[in-house]
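Peer 1: Numbering (our numbering), first residue to last: 1 to 115.
What the hints contain is simulated information worked out from the structure, not anything from laboratory work. The C-beta atom is built at its ideal place from N, Cα and C for all residues, glycine as well. Incorrect hints may appear among the rest.
Said to hold, decoys possible - Computed spacing ranges between beta-carbons, pair by pair:
id: 1; residue 1: K7; residue 2: L46; range: 39 to 45 Å
id: 2; residue 1: L109; residue 2: P31; range: 20 to 26 Å
id: 3; residue 1: L46; residue 2: V12; range: 37 to 43 Å
id: 4; residue 1: K75; residue 2: K16; range: 31 to 37 Å
id: 5; residue 1: P108; residue 2: R55; range: 28 to 34 Å
id: 6; residue 1: P104; residue 2: K16; range: 15 to 21 Å
id: 7; residue 1: E28; residue 2: P5; range: 23 to 29 Å
id: 8; residue 1: L46; residue 2: P108; range: 38 to 44 Å
id: 9; residue 1: C8; residue 2: L109; range: 39 to 45 Å
id: 10; residue 1: P107; residue 2: S41; range: 22 to 28 Å
id: 11; residue 1: T13; residue 2: K75; range: 38 to 44 Å
id: 12; residue 1: G79; residue 2: V12; range: 42 to 48 Å
id: 13; residue 1: T13; residue 2: R78; range: 24 to 30 Å
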Amino acid sequence: MRLNPSKCTFRVTSRKFLGFMVTRRGIEANPEKIKALEEMSLPRSLKDVQRLNGRITVLSRFLARTGDKYLPFFKILRGARKTGFQWTDECQSAFESLKQYLAPPPPPLLSKPTP
1 MRLNPSKCTF RVTSRKFLGF MVTRRGIEAN PEKIKALEEM SLPRSLKDVQ RLNGRITVLS
61 RFLARTGDKY LPFFKILRGA RKTGFQWTDE CQSAFESLKQ YLAPPPPPLL SKPTP
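Please model the complete structure; the sequences and the hints are all you need to start from.
Peer 2: If you want it as structure tokens, here you go:
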């Protein structure tokens with residue numbers, strides 16, 4: 001096996017590899033993929049729900065209980081042939097919880113030490 005020096009990178013702390021970030025701590029979610037989900041508007045069509053499901057699937061490794069939390073989005077696709085596109089309250093709450101889960105945490109509050 002031969003390595004091509006022009007394709008190799010050395011002495012880096014993190015690197016994108018196959019759509020993920022590989023760091024010293026291990027494999028992490030790609031910030032670009034998270035940002036795409038954060039900036040996504042409310043789905044208005046079946047195609048938008050398919051895009052949303054694809055983005056969730058890409059990040060499912062890093063999202064806790066993906067199957068349970070985001071099942072309403074997959075239910076829309078399953079029932080779309082019979083009933084058409086119907087955005088329910090269950091879908092709305094799942095979409096809002098997804099956005100909230102992906103939002104960056106607030107900065108820590110610094111308190112003054114008491115004398």
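Peer 1: Which numbered conditions among the earlier hints are violated in the structure presented, ordered from lowest to highest?
Peer 2: Hint 13 contradicted; others consistent.
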